[in-house]
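Going by the numbering used here, the letters in the sequence shown line up with residues 1 to 117, in that order.
Everything labelled a hint here was simulated from the structure, so no lab data went into it.
Possibly wrong hints are sitting among the right ones.
[Unchecked claim] Computed cross-link-like contacts, EDC-like style, restricted to lysine to aspartate or glutamate with a CA-CA straight-line distance of at most 20 Å:
#, residue 1, residue 2
1, Lys60, Glu72
2, Lys74, Glu63
3, Lys30, Asp14
4, Lys83, Glu72
5, Lys100, Asp90
6, Lys100, Glu114
7, Lys60, Glu39
8, Lys42, Asp31
9, Lys73, Glu57
10, Lys26, Asp14
11, Lys81, Glu93
12, Lys83, Glu93
13, Lys60, Asp50
14, Lys52, Asp68
[Unchecked claim] The calculated label-pair distances, taken between Cβ atoms and stated as ranges, are:
#, residue 1, residue 2, range
15, His21, Asp56, 28 to 36 Å
16, Asn67, Tyr95, 35 to 43 Å
17, Lys74, Asp105, 49 to 57 Å
18, Ala53, His21, 45 to 53 Å
Don't be surprised by glycine CBs; every beta carbon is placed ideally from N, CA and C.
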Amino acid sequence: MNRTYTERLEKVIDLGIDLRHQMRLKSENKDAIIRAQAERIKQLEQSVADIKAAHDERIKRFEQSVNDLRIEKKQRVVTPKQKKLKEQYDKQEVYTGRLKQWIRDRNDGRMPEELKS
Numbered sequence: 001m002n003r004t005y006t007e008r009l010e011k012v013i014d015l016g017i018d019l020r021h022q023m024r025l026k027s028e029n030k031d032a033i034i035r036a037q038a039e040r041i042k043q044l045e046q047s048v049a050d051i052k053a054a055h056d057e058r059i060k061r062f063e064q065s066v067n068d069l070r071i072e073k074k075q076r077v078v079t080p081k082q083k084k085l086k087e088q089y090d091k092q093e094v095y096t097g098r099l100k101q102w103i104r105d106r107n108d109g110r111m112p113e114e115l116k117s
């Protein structure tokens, strides 16, 4: 009887050792998975930061281009010839508008078909 009891105890101890070994393996596997996931998260966070930095840089360059264009537009030099041509065009538009109004006044507010543009 003593021998069977000892054998059972040895068997329980062996099962306990096997169980402890299996639990360690599972724990190590879980730890490895967690480490791999943590590394992947770090990589993704770095990718997001890189993309955001590139996007911010593009926006900065775009805004600088817009500002440069505004400054260029303000600094654009108008030659005397261009100024004279613009004045002539403006006078022509005023004259044309007055002429059309005069024609409408003579025709009860209607423009003759041959003069419509």
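Open item on the list: Tell me the numbers of any earlier hints that the structure contravenes, in ascending order.
Closed with: Hint check: 3, 7, 9, 14, 15, 17 fail, others pass.
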